[in-house]
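**Student:** Modelling step: build the complete structure from the supplied sequences, incorporating the hints.
Chains as they are written, first to last, in the working numbering: chain W, 1 to 280; chain R, 1 to 165.
To be clear, the hints were calculated from the coordinates, so they are not data collected in a lab. Keep in mind that a hint or two might mislead.
Here are a few chain R residues that face chain W, going by a calculated C-beta distance under 8 Å [to be verified]:
{"id": "1", "residue": "84"}
{"id": "2", "residue": "110"}
{"id": "3", "residue": "112"}
Cβ atoms here follow ideal geometry from the backbone N, Cα and C, with glycine treated the same way.
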Amino acid sequence: MSKVQFGWLVRSIHSWAANLFILAAVIHMFSVYFERSYRNPREITWLTGMLMLFLGLGFGFSGYLLPWNELAFFATKVGTDIAGVIPVVGKPLMIFLRGGEDVTGATLSRFFGFHVALFPGIFTFLLVIHLVLVQRQGMSEPLGLDAAHERKTMPFFPNFMLRDVLLWLIVLNVLAVLAVFFPWELGRKADPFASAPAGIRPEWYFLFMFQSLKYVPPRILFLDGEVLGIGLFGVAGLIWLLVPFWDRKSSRGLRGKEISYIGIGVVVYILVFTILGWFL
Amino acid sequence: MSSRPDEFAPLPSASGQNVPLEAGQERRDFLKLALGGGFIAWIAAVAYPVFSYLKPPKQAEVEVTSVKVGKIAEIGKDSGMIVRFGSKPVILIRTADGEFRAFSATCTHLDCTVQYKKDLGVIWCACHNGKYDLTGRNISGPPPRPLEEYRVIVQGDEVSVLKKT
Ligand code: FES
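**Tutor:** Following this line, the structure appears as structure tokens:
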């Protein structure tokens, strides 16, 4: 595997592109959130976008295992065990994900299947809906922009396209520079009968959840701490996903302050815990 | 039921005569049922094999009850090692005063494999900084339960780990 010519380059481009994709998707998601662009009539666009973001995290999680190194092995153990924490459906779900009781070669081939076939299939479907809606409904305009104001326009060809091409060029160059100068290592081969190595941690976009789990005490009242922690993240994610349906103000054209406060709170929480996870 | 909307108007039959109202309705219901049922059956026929295919096959697990680890002399004092116990990892610890202890090495938090941490004299899980003392009790961090204990037997100079019954 390490003998393939330019294998390191392809691997690095793949990893960097994947990470930048998540980053871009997260930024896009927050900008849509703060602009309330999810509001009526674009609820479905928001929903498909969020599902694609979750799926993107799924891509990241399944892809993380594929190099079959130590970190990946334990990250997958923990990640699938988290699924096992969900009441009732958790255990069967975990066995389904792992392809058995433990993380083994069966898990590896399963994750490969998810990563290259199942997820891309679902993703394509969501992406088509997302893009068709964007195309049909047009871009959302910021709230408070009065309808009568004059819009600046530019021809798609060549003006807009040239701008787009310029951005592509910049991004591709950044990607190439990152891949060449900061290649992704393969790490040490996974050994199911070795202890989890010190300093183990997941990809950066899971860090805030990972760090939070470290602080959750083992038992809270009658619940296992991790059940509660994971449950809270699940509920928070669901509420976030459904924002177009409970933020009634923005669909009436009003800019409610609560949405901004909640959003800022979430961003601060994620930033603080990511930084803690990175340095501790 | 005296005034029906237009869509329930009698259907013309093949012979051009109007089929009585009730019969047309029945025929329509039957078609709906047949189509709907057929569709559901089709979905099931596709989904069932897919799900069965994805369900991991039951593996006949060989029930391991004891594992020979090695000679006493090979296991240094104040050290720990992971022993392969069937498909599960077990941690065998030899304390500073030469005593043997064995526990399941699977962290009770989220399934990582623990290790013996010499400098602290505890069993440590690197994943979320969980700690257990040398009796397997969870003493700090997120682990909710103690580690399951195994029995260690020394016969002559041979060390084995056994499942507790
Ligand atoms: S898995 Fe051991 S502390 Fe979380």
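**Student:** Please write out, lowest number first, the hints stated earlier that are contradicted by the structure.
**Tutor:** Going through the list in order, the structure violates no hint and respects every one.
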